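Chemist: Work the whole structure out from these sequences, hints included.
The listed protein sequences derive, respectively, from chains L and D. Throughout, the working numbering is defined as the position within the first sequence, counted from one, plus 13. Throughout, the working numbering is defined as the position within the second sequence, counted from one, plus 40.
Derived from the structure by calculation, the hints contain no laboratory data. None of the values given here were measured: they were computed from a predicted structure. Please note that a few of the clues may not be correct.
Said to hold, decoys possible - Residues from chain L that face chain D, not an exhaustive set, calculated with beta carbons under 10 Å:
(1) L22
(2) G68
(3) V69
(4) A71
(5) L99
(6) I100
Note that beta-carbon positions come from the ideal geometry of N, C-alpha and C, so glycine has one too.
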Amino acid sequence: MNKHFVSALVTGLIFGMGLLVSGMANPDKVLSFLDITGNWDPSLMLVMGGAIAVGVVAFTLTKGRTHSLWGEPLRFPTRQDLDSRLIMGSLGFGIGWGLAGFCPGPALVAFGTGAPKAIVFVVAMVAGMAMYELIEKSRTKTVS
Amino acid sequence: MTIDWTSFTPWASLSGGVLIGVAAAMFILLNGRIAGISGILGGLLVPKKGDVLWRALFVAGMVLAPTAWLLTGPLPEMQIDAGYPLLIVAGLIVGISTRYGSGCTSGHGVCGISRLSPRSIVATLAFMLTGFVTVYIVRHVFGL
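Modeler: See the structure below:
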């Protein structure tokens, strides 16, 4: 198996471990963080702070480069415009996040514990992603 | 607002955040890709040749994180208060809207903010806003 595949697996594993350590994989804690007018648990600010602090260094190191250390092209999103899909989609995501306390990464980690509720959430989330693909497919058909 | 100091876990959350940042750093520096969970997972639903295995392995790494964790000790607390109907609704919303919004907490919130992407900054503000508002309405308007 080539090294790119090994690093994909290891990266996913480290990411998942980080979510477990940080408390993000616990929906109850996530909802306490989102409850700013109640009994607020600010812990998750530090999750983002820690992740972004490392992220800034990493993305600064990519400046002026076109390829990764392993010779893969650096695939950055190139769009700069703020369109309604981005904004409406993100507003919608926050509603779903606030309802159950799960975002996609922590949901996958919770799925891995075998908790029935997490499995149901992930199945619904993947179904939602499939709905997006179906809607987009039918839209492009109508246009062309 | 009152701060819930008893639930506050600054060191765990900060170190978990650093691990998440390390994963995001590895993925861009080695594989040349953004570690955005909704995009990686969603891409599996429209499989393209040569684009499946790395996604599947990344997701597998995340799902296997709790199993790897169990080798070292008991899993941290994971409390899911939402009932099944709410989990299904929330999962569908998170799935469809993260695809429309081109990302979630990882791709926009961690990677996008780290590289100062205007789209990601707007997206993160948008989902944080509706996340706060949703929890406010559920907990303090409906009192659930």
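Chemist: Of the hints given before, which are not true for this structure?
Modeler: Hints that this structure does not satisfy do not exist here, as all of them hold.
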